[in-house]
Amino acid sequence: MSGLDAELRVERDGFVLDARLVVPAHRVVALMGRNGAGKSTAVAAIAGLLPLDGGRVVVDGEVLEDVASGRVVPPERRPIGVVQQQSALFPHLTVAANVAFGLRTQGRSRSAARAEAHRLLTDAGLADLADRRPSAVSGGQAARVALVRTLARSPRLVLLDEPLAAIDAELRPALRDAIRAQLRAFAGSALLVTHDVRDAEALADEVVVIDRGRVLQQGSLASLRAAPAAPIVSRLLDGATD
Amino acid sequence: MSARRRRDPLARIPRAVLVPGAIAFLLLVGPLVALLARAPWAHLGDLLAGDTVLPALGLSLGTAAASTGCCVLLGVPLAVVLSGADGWPGPLRRLVRALVITPLVLPPVVGGIALLLLLGRTGLLGGPLFQATGVQIPFSTAAVVVAQTFVGLPFLVLGVEGALRGVDRRFAVAATTLGAGPWTRFVRVTLPLAAPGVAAGAVLAFARAIGEFGATVTFAGSLPKVTQTLPIAAYLALNSDPEAAIAISVVLMVVAVAVLVSLRDHWLQGIGR
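These protein sequence lines are chains A and B, in that order. For the first sequence, the UniProt record's numbering assigns the number 1 to the initial residue and increments by one for each residue that follows. For the second sequence, the UniProt record's numbering assigns the number 1 to the initial residue and increments by one for each residue that follows.
Isolated chain A (complex conformation):
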């Protein structure tokens, strides 16, 4: 099966994440839940930044982690990209060098990585920023650069952890459009963590709702709205939670 198929069991400080998360190939699935529902834990576990206590992570048929067999692919060798909530551009590198960073680790030469970085920034309409430091770009621009940087490596799965949460509310609609365009040109699958239903409406094909570490419901936004499995699902989809 292609896409993401993850059975995650993580126990940490009394919190238990016990969830199966599936992202079909070439789809964007929004992972929704309240603060503390386990969304960021799930992202860290899939990326390999947090060891599983049970279960497995499979991307496009490749087993990246399997507790039963003891197989673990370290995070830097997983075909998974991560965009963090704070865009986390390296402050000591220019925007172009940030984008080139992940190409260099793939073994490309400095000049080839730099040329590719400029091409990708131009495609994303961000060519003007190439030689700037991250401190000289806006939050929305930084979020778009971070996505360009992650997608440059052509991961098979990209995890977006609340990419819009740190952005001013009035700038979010335009940034959602930009991210949608970037994701549309991306060939892999995507898991978008959000607690804002507008992100899911604009970007996702499907929604999975988790609460207290467990999956409550998965399906299209319309189907979840039509038959919410729990009150928290309808509250989230009404945008009634923070």
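Some clues are possibly wrong.
Listed next, with one range per pair, are the computed distances between beta-carbon atoms [unchecked claim]:
1. B:P182 / A:A25: 23 to 33 angstroms
2. A:A185 / B:L73: 44 to 54 angstroms
3. B:L61 / A:P51: 36 to 46 angstroms
4. B:A132 / A:G61: 57 to 67 angstroms
5. B:L99 / A:P24: 53 to 63 angstroms
Hints listed in this document are in silico derivations from the structure and should not be mistaken for laboratory results. Glycine is no exception: its CB is placed at the ideal position from the N, C-alpha and C atoms.
Following the hints, put chain B in place on chain A, whose structure we already have.
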């Protein structure tokens, strides 16, 4: 000032602290004033160019630069190990950290004696080394560098460890998920972001090395042109040639001021606020 003080009652200080505070300040500043007042400015140049001072100055700058280099080359890796030691058992972590900072609180003479017992001709490591190769470290220029590195390393390790811990975790996450293994992550992300801390630690280690006296004189002696650094030359000159001693002291004070100036952004502002 007084008008402002009246507006903020919490900024008023008890009068009783004024006199001892002033004495403390005079104690700090007075000796420096005396040194500058009595310095033989007229023939300072001749003194510094003389047979005692110039070789000692060259030796001090050379050995301090070498020991600072050793501190960086050895101390940065140790700081990396310590900054990643959160997973160690608590008692082990505390013991290692205590051992690392011991030279900070150890009398330098004790450090010199300890170095002799380790690296001396009959020492724990120095004995076998001498018997196997005939090489002996004590009372050589290398011994000066070893002594200075011993006393300077804690400054560098503590400074760099703090800087490494101060690097935001999200940059490590970004580097890792962009395909960087531990080495690439360290060289291309963590270390550049911690560079100001490395520089500050190196300046402190250099300052400590320039001023080193006790461990050096014990472990390396005071052979002119070989192990007689500026502080040792100043101490010995005080009896034979007091003006040379004062001249050397002025030079060391200039070095200290240069250190303060180079650290002003890093530390003094933080303390001043």
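Structure-based check of all given hints:
no., hint, in the structure
1, B:P182 / A:A25: 23 to 33 angstroms, "holds (32 angstroms)"
2, A:A185 / B:L73: 44 to 54 angstroms, "holds (47 angstroms)"
3, B:L61 / A:P51: 36 to 46 angstroms, "violated (51 angstroms)"
4, B:A132 / A:G61: 57 to 67 angstroms, "holds (59 angstroms)"
5, B:L99 / A:P24: 53 to 63 angstroms, "holds (56 angstroms)"
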